[in-house]
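Residue numbers (numbering that gives the first Met the number 0), protein chains in the order written: chain A, 0 to 191; chain B, 0 to 80.
Keep in mind that the hints were calculated from the coordinates and are not lab data. Any given hint could be a false lead.
[To be verified] Lysine-lysine pairs mimicking DSSO-like chemistry, simulated, CA-CA at most 30 Å apart:
id, chain 1, residue 1, chain 2, residue 2
1, B, 11, B, 71
2, A, 83, B, 53
3, B, 53, B, 29
4, B, 29, B, 71
5, A, 83, A, 94
6, B, 71, A, 94
7, A, 94, B, 29
8, B, 29, B, 11
9, B, 53, A, 94
10, B, 53, B, 11
11, B, 71, B, 53
12, B, 71, A, 83
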Amino acid sequence: MRTVSGAQQEQEEREGVSVMDWFSVHLETRAPTAQAPRVLAEDAAADRLMDLLAGYDGIVSADAGSWDATISVRAPTTSEAVLKGAEIIESEASKAGMPRWPAVRVEAVLQDIVDEENARPALPDIVSAPEAAEILGVSPQRLHQIATDNEAFPEPVYELRAGNLWLRAAVEAFASRERKPGRPRSAQVAAG
Amino acid sequence: METDRPGREVPKEYREVITYLIESEGWAYKRPRGGGYPKLVPANRSQSPIKVPKTPSSQRTLSNWLADIRRKGGHWPPERK
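Produce the entire structure from the sequences given, and follow the hints as far as they go.
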């Protein structure tokens with residue numbers, strides 16, 4: 000059951016008086032150190048909690064020694080969303096028979112921000128040496144020389160046996176800095 | 000770890016994400032034995048398995064689920080910019 004009905008929300012929006020925003024509230028619990036990870040959050044209880052939180056757009060994760068849940072609530076401020084969301088999750092978790100472990104993390108994020116973050120690619124845009132050389136307009140051999148000798152060149156984010164990988168943004172930033180006119184010749188990236 | 004494949008027991012928008020995570024990021028999927036919810040098991044096994052809604056749900060439910068996947072080390076959307 001929702002604390003604010005869809006009809007109430009629609010009326011508030013029609014009248015332009017809504018000061019409530021949707022927040023995604025995440026609460027994480029962990030078993031006390033003496034119990035973890037021997038105690039398992041019962042799978043059936045986690046399923047019951049999914050059912051109980053369905054009206055709050057809830058998602059539940061559970062395993063040995065920890066469980067967490069994420070729901071959506073409407074609240075006027077982030078801090079009120081934290082309190083309201085944590086209260087709902089803990090109350091429903093108790094009804095579902097989840098272990099009464101202490102919350103170790105509670106966070107509320109505006110639902111719009113969550114949507115923005117979810118839409119952003121999560122994998123970093125990385126480049127290998129040939130791509131980095133292309134960005135700089137130099138040969139792969141010259142790239143290797145620059146990466147070794149020029150302290151301003153970014154550190155690789157991965158050093159693999161097959162070669163290094165850099166963040167594309169870092170290489171592009173280096174390239175734009177080094178291409179600025181008027182720099183001393185020794186610091187410039189000269190095509191090899 | 001053995002994995003099931005997601006079928007009609009989960010909505011389409013969830014199935015696409017689950018299939019990607021199984022095939023590209025080493026996650027596993029467990030169909031429910033009985034009437035429970037399916038589970039998505041992170042590649043990092045120290046993270047808790049995430050329950051998957053069985054019926055078409057709101058956009059906010061999908062958002063909360065995707066946020067939980069990212070929190071537990073999964074990447075979606077997978078495309079590079």
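These are the hints, each one checked on the structure:
1. B/11 with B/71: holds, 22 Å
2. A/83 with B/53: holds, 26 Å
3. B/53 with B/29: holds, 13 Å
4. B/29 with B/71: holds, 17 Å
5. A/83 with A/94: Holds - the C-alpha atoms of residue 94 of chain A and residue 83 of chain A are around 17 Å apart, at most 30 Å.
6. B/71 with A/94: Distance of about 26 Å is within 30 Å: holds.
7. A/94 with B/29: holds, 25 Å
8. B/29 with B/11: Holds, at about 16 Å.
9. B/53 with A/94: Measuring from Cα to Cα gives roughly 21 Å; hence the hint holds.
10. B/53 with B/11: Judged against 30 Å, a Cα distance of about 10 Å means the pair holds.
11. B/71 with B/53: holds, 21 Å
12. B/71 with A/83: holds, 24 Å
The structure agrees with every numbered hint stated previously.
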